[in-house]
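2 protein chains.
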Amino acid sequence: MALSYDSLNENVKKCQYAVRGELYLRASELQKEGKKIIFTNVGNPHALGQKPLTFPRQVVALCQAPFLLDDPNVGMLFPADAIARAKHYLSLTSGGLGAYSDSRGLPGVRKEVAEFIERRDGYPSDPELIFLTDGASKGVMQILNCVIRGDGDGILVPVPQYPLYSATISLLGGSLVPYYLDESENWGLDVDNLRQSVAQARSQGITVKAMVIINPGNPTGQCLSEANLREILKFCYNEKLVLLGDEVYQQNIYQDERPFISSKKVLMDMGSPFSKEVQLVSFHTVSKGYWGECGQRGGYFEMTNIPPRVVEEIYKVASIALSPNVSAQIFMGLMVSPPKPGDISYDQFARESKGILESLRRRARIMTDGFNSCKNVVCNFTEGAMYSFPQIRLPPGAIQAAKQAGKVPDVFYCLKLLEATGISTVPGSGFGQKEGVFHLRTTILPAEEEMPEIMDSFKKFNDEFMTQYDNNFGYSRM
Amino acid sequence: MALSYDSLNENVKKCQYAVRGELYLRASELQKEGKKIIFTNVGNPHALGQKPLTFPRQVVALCQAPFLLDDPNVGMLFPADAIARAKHYLSLTSGGLGAYSDSRGLPGVRKEVAEFIERRDGYPSDPELIFLTDGASKGVMQILNCVIRGDGDGILVPVPQYPLYSATISLLGGSLVPYYLDESENWGLDVDNLRQSVAQARSQGITVKAMVIINPGNPTGQCLSEANLREILKFCYNEKLVLLGDEVYQQNIYQDERPFISSKKVLMDMGSPFSKEVQLVSFHTVSKGYWGECGQRGGYFEMTNIPPRVVEEIYKVASIALSPNVSAQIFMGLMVSPPKPGDISYDQFARESKGILESLRRRARIMTDGFNSCKNVVCNFTEGAMYSFPQIRLPPGAIQAAKQAGKVPDVFYCLKLLEATGISTVPGSGFGQKEGVFHLRTTILPAEEEMPEIMDSFKKFNDEFMTQYDNNFGYSRM
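Each protein sequence line maps, in turn, to chains A and B. For the first sequence, position 37 (counting from the first letter as 1) is numbered 37 according to UniProt numbering, and the numbering increases by one without interruption. For the second sequence, position 67 (counting from the first letter as 1) is numbered 67 according to UniProt numbering, and the numbering increases by one without interruption.
A couple of the hints might just be wrong.
Said to hold, decoys possible - The calculated lysine-lysine pairs, modelled on BS3-like cross-linking and capped at a C-alpha distance of 25 Å, are:
| no. | chain 1 | residue 1 | chain 2 | residue 2 |
| --- | --- | --- | --- | --- |
| 1 | A | K316 | B | K35 |
| 2 | B | K403 | B | K460 |
| 3 | B | K375 | B | K316 |
| 4 | B | K407 | B | K434 |
| 5 | A | K276 | A | K111 |
| 6 | B | K36 | A | K87 |
| 7 | A | K32 | B | K316 |
| 8 | A | K35 | B | K111 |
| 9 | B | K87 | A | K316 |
| 10 | B | K265 | A | K14 |
| 11 | A | K459 | A | K36 |
| 12 | B | K87 | A | K32 |
| 13 | B | K407 | A | K316 |
| 14 | B | K51 | B | K354 |
| 15 | A | K87 | A | K111 |
| 16 | B | K36 | B | K13 |
| 17 | B | K14 | A | K316 |
| 18 | A | K407 | A | K354 |
| 19 | B | K234 | B | K276 |
| 20 | B | K375 | B | K459 |
| 21 | B | K276 | A | K32 |
| 22 | B | K87 | A | K36 |
Source of the hints: derived by calculation from the structure; they are not laboratory data.
Take these sequences, add in the hints, and give me the full structure.
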């Protein structure tokens, strides 16, 4: 048989993507059997009840149904600024949402993205170096595909990491070079640690070509400081690495000490020679922030200091799949140029987005506190992004029981949690963690009013689990 | 520099995608300079003025703006059946269009696709073996990624072919094994020719693993007969090849002698052992047909006789990019279950779709006749799909001039055509052709009323070109 398991591309078999792995598949089965599942395996806000922002949906609905713009009754269902914006975006297309755009995305939307970046960072941005993508993941895959030539090429990836990176590197046949984030330092990034990782990879004959940072962190939730970003960029300069800045959670910040600062801004602030030489590709999306428009599949990447000939090659490869979907390109345009004060829809838009962000901030707190109220659980505060990544201290009895069940201990724990409570998480082993230490990742996205009950249900399960597998647990709690 | 042209993945550099290649780039430049360009380089109907079908756009607009469903005025802008369908599709999602779906697509839409296939072929279809994709191209790339392990793995591809195949095979580091379609037999497929191609590849140590057919043909426009499909399937059975059936133009048929018949139906008709053993993956899309919803990026593939463990691996890889965009999944649902007689929107839908198909049929005729009215041009009739692929007989003077300009002769011709007329085509060399024979591909999509003028403009250019480069041309015409 041509397409048998044995004859499959080995890189396909090797790659692992735990976010939709064993736990997700079991949760889907249980859901089919009628059990109520709380899907916190993936940052998918609308699936957990978050309502879409009204204004962008009005605009895209009108773009999908342009004939409504000629209907005298259109004003009964749509505000005038949504109508105007729909006309604006349609004018940027060459045939509406049904026509392929340029493979880099609509020039007019890329211009709006560049203007957004300029406002955000205070430095110029060139639309020709911005490509729109079907979600940020597709952009990351495109760039890694250009970088990786084979298993002699290494990519520095944080551990714990979002498994898009490990899976894509496996799929492309490259080598993942891990650098460890320090849990005891609130998942901080230590540049000495980076140096060791690179030295070790080189001693194994690997050419380290790129470094990934996820800021704010996924699954770890930390926000990188400006000083830390400078160190990283200097490191990339010295080591001649292209920095891939996964900044998809830049709107999701839940503390005031370290606001989001983009890698691009820090790089430009550093001035010559860094600002002229360090290669940077940064990624953004409509899936996260207070938008959460995951199902639309919209994203972009911006390239800095990438030579024109390489940009052309990236364009060529993008063109094989013709174009990113056009309605998500319009969502991207709207995300980077939302209603302004004075616009008809401004108040509603501001109220909706503020409501979502403030609730996420409260949920981050409820969840961290809930985890930390369990004596065998330690959890850093979610400074940003959408995840909580508690460490679960498992007793030898549980590790033994997992072994007997043929499971990794944290997978064993998460499966039991799922069966008992319907909470669908991802075991820490799917993201990478230090030997003998166990975590799980959950999103902070369940509805705020359901959060206390979910945390109670978690605590009840955890205590029972511990009582079952740790002879000393019940006693020492008193 | 980490990301320099020299250090790029060689497979990226090697791949070529002429549909958005030199001609397209030059056309885009000319457009920027203010020249009127007729983009016939890619099958992109809405870009050339085709209007979207009203009913599906109404349904998707409502799905994008679900709050309209609670508005008492919704009935003033939307018919009741569109409202009902929007509610139906929203009920199939888990959080509307903003939530990621399962990575294979929404189960409810996959069920509708399976029902469509059952009605079309008269054989059962299993939704679990249907994956929705961001356009058919992405599906083809996913499958080839699983099949190709390295340059020792060969894929049989028709020549001329749609360059998605050659580009993807290059990108994945595989080997393209060409088989030639016979222009003098209306681009027929000769199985003896296939056998020779496979034998030759094997003598070079290549393991031939898969065969691609494009039916109706792109760029060649031919429709495969049932007898021909049986031969192909038998050949795949004997040679243990997985057949990739690119059937994206199945609704685009412009003659009555050979209606579209799916590879799946022919395979099932053949019975055991073929129907139980031949591996088949067939592809479809919302981009073509009379829909032409290219910019939405929606497609599916159906797998037949692919082992469950392989299906799981394909699912795993699909999950890395989380999910295809959800609004295009709904377009796919609508395409496979359009309004029925008796529905409020049926008459309009039927009128619109019939209008498009009948006009395409007339345009196919106008274009073929137009090309054949030039004495140095020979063109098979476009039986199906959306393209005309005339052979242009270039005189030695033109070939010499092209050489001096450093261009392939058909590229030279197409560039001159573009500069003179604004007609943006793709040179035959982008699809593959026999040595010393030259073609171009154009779509049959320009508006019907503009077609005579476009063909006149082509003829005028061609005659002038020939007069310039062929000393005998003017005389022999008299």
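For each hint, the structure was consulted:
| no. | hint | result |
| --- | --- | --- |
| 1 | K316/A - K35/B | holds (24 Å) |
| 2 | K403/B - K460/B | holds (24 Å) |
| 3 | K375/B - K316/B | violated (54 Å) |
| 4 | K407/B - K434/B | holds (17 Å) |
| 5 | K276/A - K111/A | holds (22 Å) |
| 6 | K36/B - K87/A | holds (22 Å) |
| 7 | K32/A - K316/B | holds (20 Å) |
| 8 | K35/A - K111/B | holds (22 Å) |
| 9 | K87/B - K316/A | violated (40 Å) |
| 10 | K265/B - K14/A | violated (35 Å) |
| 11 | K459/A - K36/A | holds (18 Å) |
| 12 | K87/B - K32/A | holds (21 Å) |
| 13 | K407/B - K316/A | holds (20 Å) |
| 14 | K51/B - K354/B | holds (13 Å) |
| 15 | K87/A - K111/A | holds (17 Å) |
| 16 | K36/B - K13/B | violated (32 Å) |
| 17 | K14/B - K316/A | holds (11 Å) |
| 18 | K407/A - K354/A | violated (42 Å) |
| 19 | K234/B - K276/B | holds (12 Å) |
| 20 | K375/B - K459/B | holds (10 Å) |
| 21 | K276/B - K32/A | violated (29 Å) |
| 22 | K87/B - K36/A | holds (22 Å) |
In this structure, the earlier hints numbered 3, 9, 10, 16, 18 and 21 are contradicted, and the remaining ones agree with it.
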